[in-house]
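**Q** Below are the chains, spelled out letter by letter.
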Amino acid sequence: MNYDVMLDVRGLNCPMPIVKTKQELNKVESGKILKVLTTDKGSIKDFQGWANTDKTIELIKQETEKDENGKEIYVHYVKKK
Amino acid sequence: MNSQSLNQDLKNVDQLENYKIEIENLKKRISYLEEQLADILEKKNKVGIVVFSGDLDRVLAALIIATGAATFGKEVSVFFTFWGLNAIKVKKKLSNKKWHQRLFAFLNPASASNLPVSKMNFFGLGSKMLKMMMKEKNVSSLEDLIKMAKELGVKFIACEMSKDVLGIEDEELIEGTESGGVAYFLSHSLNSSMTIFI
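Line by line, the protein sequences give chains H and R.
The opening position of the first sequence corresponds to residue 1 in this note's numbering, with each subsequent residue numbered one higher.
The opening position of the second sequence corresponds to residue 1 in this note's numbering, with each subsequent residue numbered one higher.
Please keep in mind that the hints were generated in silico from the structure rather than gathered at the bench.
If a hint is listed, it holds; no wrong ones were tucked in.
Simulated crosslink set (DSSO-like; lysine-lysine; CA at most 30 Å straight-line):
no., chain 1, residue 1, chain 2, residue 2
1, H, 81, R, 43
2, H, 20, H, 80
3, H, 35, R, 135
Extracted from the complex, chain R is given alone in its bound form (with noise of 0.2 Å):
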């Protein structure tokens, strides 16, 4: 054999070395950018809403972006604190609770048909005339939206904190609300594509 074609072989062998470890590279790359696609397209795909307040008017908007954007496919979560938890109760229970608890829970609507609205509710007239607004233009009640919502997959959070802090439980809640912290919202929140406060 000739040491000349002896190299050339060599230098082949040397070269194709390279293309591997070149080709390794790119598809070390491309894993990653893959990834890094799959967590901007799941992103996209989550809508987090906040119900702080547990006024009607305010309620219904935060209901009616929910079923839409369940609609459109996204991921939706929706976490309920303080006067929010109000729309998601769906009885009032005063035994075994401390009497500031007791009064607070005495003081609430016991559910979302009870709710008041945000402006002229003079003693719940307002509330009752708007529901009856509503129901001649044919738009679904907050009750109705709640079970739509659950209907389309709406996941329900209530705030640990704010339940605990009001004496609120589990069996006053409808049914298959989770609890979580700020931490749980957070986890949802920050793998959104949009958070609402209301």
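Chain H extracted, bound-state conformation (with noise of 0.2 Å):
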């Protein structure tokens, strides 16, 4: 999957990986793609929750990793509209 920017998250928590992000995409043009790694668990739903009611992001793909060692990593893809 193609993206212009990552965002490593990892290690934070609600409602962080939402905010940070925000403030990613606030930097970059419309239609880039923000790669964003989370360790957040409720961040699933929760970039699922902000897709649905901000018109201004799409979100293309989430799938989950596994770390080095072993602790599952959730990935996101958001498109800034």
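Join these two chains into a complex; the hints should help.
**A** Shown next as structure tokens:
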């Protein structure tokens, strides 16, 4: 999956993953895709809820990966419309 | 010119006039509806939060919702009243106050860093423990959330009446905090899609 900017907010908890993502999106031009790494399990539903409500962003894809220690990482691809 | 075609022409002119009037009426109705729609959309875009409590746990909840809503692109106004004012204080000022106001200022927390928890506070021990637990889980502190909220454009409004009663001055509050009364709050709240009282 292609992306323009990567944001690593692993370790941060609610509401920071979406807040930091929003701040990062404010910096990029529309059409750009942001790859966000989180460890907050709630962020899966948070990103979905955000994309459903805020018409200025689009949630392209979400996936779960494992890091070298076997800890789950949640990856979100967010596009600025 | 024969009279029949003249009659027909006059009829056509009449009909044209009627159409014009009808179009004008429709235009008016459309602009009225557009105004109404703009009103509704504006309302949908606003969120109001009243922070009455000065308890750490409650104010945390308020600020998490505020920053979350701001992330969603909402226009958020947070009204701090009574105990809630403790959360936006930056210092404790004892001079230039009446004795009871001074006592109140002395007994109340001086800033967001010193708030008690609503349950199991045990003279501040509970509050310290909660902060420790939050740090362990990497949850942002109240001070960070307040800073973040300001960065996201969340508006802080202090209740003028509470400030007056408790003798709290502008210089004791976070910079950029506005002051207002109930009407100011209502003008926000009645024009927003969601109002929360904490």
